[in-house]
Structure formats: structure tokens, C-alpha cells
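Construct all of the structure, not just a fragment, from the sequences and the given hints.
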Amino acid sequence: MKNKVLVLEDDIVIAKSIQIGLISSGFDPHIATRFNSAIRLFEQHDFDAAICDINLKQTSDGIDFVTEIIKGKIPVIFLTAYSDLNTIKRVEPICPYAFLTKPFNNNQLILTLKLALKNSTRTGLIPTEDIQNAFTFKMTKRELEIIEQMSLGKTTKEIADNLNISPLTVSTHRKNILGKTSAKNSIELIAIAKQKQWM
Numbered sequence: 001m002k003n004k005v006l007v008l009e010d011d012i013v014i015a016k017s018i019q020i021g022l023i024s025s026g027f028d029p030h031i032a033t034r035f036n037s038a039i040r041l042f043e044q045h046d047f048d049a050a051i052c053d054i055n056l057k058q059t060s061d062g063i064d065f066v067t068e069i070i071k072g073k074i075p076v077i078f079l080t081a082y083s084d085l086n087t088i089k090r091v092e093p094i095c096p097y098a099f100l101t102k103p104f105n106n107n108q109l110i111l112t113l114k115l116a117l118k119n120s121t122r123t124g125l126i127p128t129e130d131i132q133n134a135f136t137f138k139m140t141k142r143e144l145e146i147i148e149q150m151s152l153g154k155t156t157k158e159i160a161d162n163l164n165i166s167p168l169t170v171s172t173h174r175k176n177i178l179g180k181t182s183a184k185n186s187i188e189l190i191a192i193a194k195q196k197q198w199m
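The numbering of the sequence shown is the UniProt record's numbering, which starts it at 1 and goes up by one.
Treat the hints loosely; a few may be bogus.
DSBU-like mimics (lysine-lysine), calculated; alpha carbons at most 30 Å apart, straight line [what the hints assert, rightly or not]:
no.: 1; residue 1: Lys-102; residue 2: Lys-89
no.: 2; residue 1: Lys-89; residue 2: Lys-71
no.: 3; residue 1: Lys-180; residue 2: Lys-157
no.: 4; residue 1: Lys-180; residue 2: Lys-194
no.: 5; residue 1: Lys-157; residue 2: Lys-2
no.: 6; residue 1: Lys-118; residue 2: Lys-180
Computed Cβ-Cβ distance ranges for the label pairs, DEER-style [what the hints assert, rightly or not]:
no.: 7; residue 1: Asp-161; residue 2: Arg-40; range: 49 to 59 Å
no.: 8; residue 1: Lys-157; residue 2: Glu-43; range: 45 to 55 Å
no.: 9; residue 1: Arg-90; residue 2: Ser-171; range: 39 to 49 Å
no.: 10; residue 1: Asp-46; residue 2: Leu-178; range: 17 to 27 Å
no.: 11; residue 1: Gln-197; residue 2: Thr-155; range: 38 to 48 Å
no.: 12; residue 1: Ile-23; residue 2: Ser-60; range: 22 to 32 Å
no.: 13; residue 1: Lys-71; residue 2: Ile-165; range: 20 to 30 Å
no.: 14; residue 1: Asp-46; residue 2: Asp-161; range: 46 to 56 Å
no.: 15; residue 1: Lys-102; residue 2: Gly-26; range: 36 to 46 Å
no.: 16; residue 1: Met-199; residue 2: Asn-105; range: 21 to 31 Å
no.: 17; residue 1: Cys-95; residue 2: Arg-34; range: 21 to 31 Å
no.: 18; residue 1: Ser-182; residue 2: Arg-142; range: 32 to 42 Å
The set of hints was computed from the structure by calculation and includes no laboratory data.
From the three backbone atoms N, C-alpha and C, an ideal C-beta is built for every residue, glycine too.
Written out as C-alpha cells, the structure is:
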């Protein structure tokens, strides 16, 4: 039985690319390019996961869809070109599985989706060796302190002042943290931190 995945992406080229990648990896993707069509699909099918673009260039966006329609029923992966503090604050209560920033590659998306399904309550359909080796990193106490500060939207200087360390030390830790987690930005890092219950 294939895992059904709802893909909400207003750019049809990106949506088709995701669809092809998911099909080739054994998933059953259903594409929606508009908010209302995504609602209809969600009502018609029993989905296992959702991939949602945040900016739909409509009155309602991907965050609204996840908040109002999905309501935590399935794991969600957000696609976004935005990493501003306002976006982070809107998304924090939702606790999505992950953020992927555009541009991204399908291999990254597929692995993230497999991990989301593996860690959800509806898992068990997709065995993969990749999952056994993913997210095996460990964080030091100082790194966890810095991650917590980053989740609050603090700048490097503010983190340095709060933890009584130099800005250079903070920058070094940030670089190491991103390297360990393979996160591309603060949004992805915070999503991983929440998933790993570091905060």
C-alpha cells in the first residue's frame, strides 16, 4: 500500500517536479495548486502526510491550510522561501515536521518525508536504510543553549550577551550546529530541534 501525500504548491512546475519525484519513490501524490482545491482533496482522501508551500499568493496561505484544515492529523513539511521571524512565530504553534527552503532537491524532500512518516503515529509502511542513519547527531549543552536563543529570534550579539560569550564563539557554534543537523537556515534548525525535543 502506497502512502498518500497531499502536495499544496501554487507553482505548477514545482508541483509537477515534486509529483514525479514522489511517484518514482513509491508514493501516491495528489497535487493542489489552490487553497480550496487542497481542502477538497483533503476531504476526499485519507492522507498520510502533507507537503505545503507557505506562500500561495492567495488570501489564505499554507500555514492557514495546516492550521485550519489539517489540524495536526498528519505530519507536515513546509516549503518556503521565507525565513523571517514573523513566519517562524506563525508556524511555531503548529510544530511541523520540517521546513525545506527553496530551491531544494527532490532527494532531500523524499528523505525528509520518509523520516516524517517514520516518526508519525501512522508509520510502518516505508522501510528505508536511510532512516537508520539520519539525525544521529548529539548536541552539547552550549549548543542547546544557543539553539534555544535562536528560537527566540535573538541575534548573534544578543546571544553572546545573554550567554556571556563572544560573538565569534556564537558564530562558530552556529556553524557547527548547522553542520551537524544539515539545516540550511534557522527555520529548518528550529523545526529539527522541536522534533528532537531539544527545547
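Quick rundown of the hints versus the structure:
1. Lys-102 / Lys-89: holds, 19 Å
2. Lys-89 / Lys-71: holds, 17 Å
3. Lys-180 / Lys-157: Holds. Lys-180 to Lys-157 sits at ~22 Å (cutoff 30 Å).
4. Lys-180 / Lys-194: Holds: Lys-180 and Lys-194 sit about 15 Å apart, inside 30 Å.
5. Lys-157 / Lys-2: Answer violated: Lys-157 to Lys-2 is near 48 Å, above 30 Å.
6. Lys-118 / Lys-180: With a Cα-Cα distance of about 21 Å, the restraint between Lys-118 and Lys-180 holds, given a limit of 30 Å.
7. Asp-161 / Arg-40: 49 to 59 Å: holds, 51 Å
8. Lys-157 / Glu-43: 45 to 55 Å: Between Lys-157 and Glu-43, where Cβ atoms are some 48 Å apart, the hint holds.
9. Arg-90 / Ser-171: 39 to 49 Å: violated, 27 Å
10. Asp-46 / Leu-178: 17 to 27 Å: violated, 36 Å
11. Gln-197 / Thr-155: 38 to 48 Å: violated, 25 Å
12. Ile-23 / Ser-60: 22 to 32 Å: Holds, at about 28 Å.
13. Lys-71 / Ile-165: 20 to 30 Å: Distance hint for Lys-71, Ile-165 is violated at roughly 41 Å.
14. Asp-46 / Asp-161: 46 to 56 Å: holds, 50 Å
15. Lys-102 / Gly-26: 36 to 46 Å: Because 24 Å falls outside the window, the suggested range is violated.
16. Met-199 / Asn-105: 21 to 31 Å: holds, 28 Å
17. Cys-95 / Arg-34: 21 to 31 Å: At 25 Å between Cβs, range holds.
18. Ser-182 / Arg-142: 32 to 42 Å: violated, 20 Å
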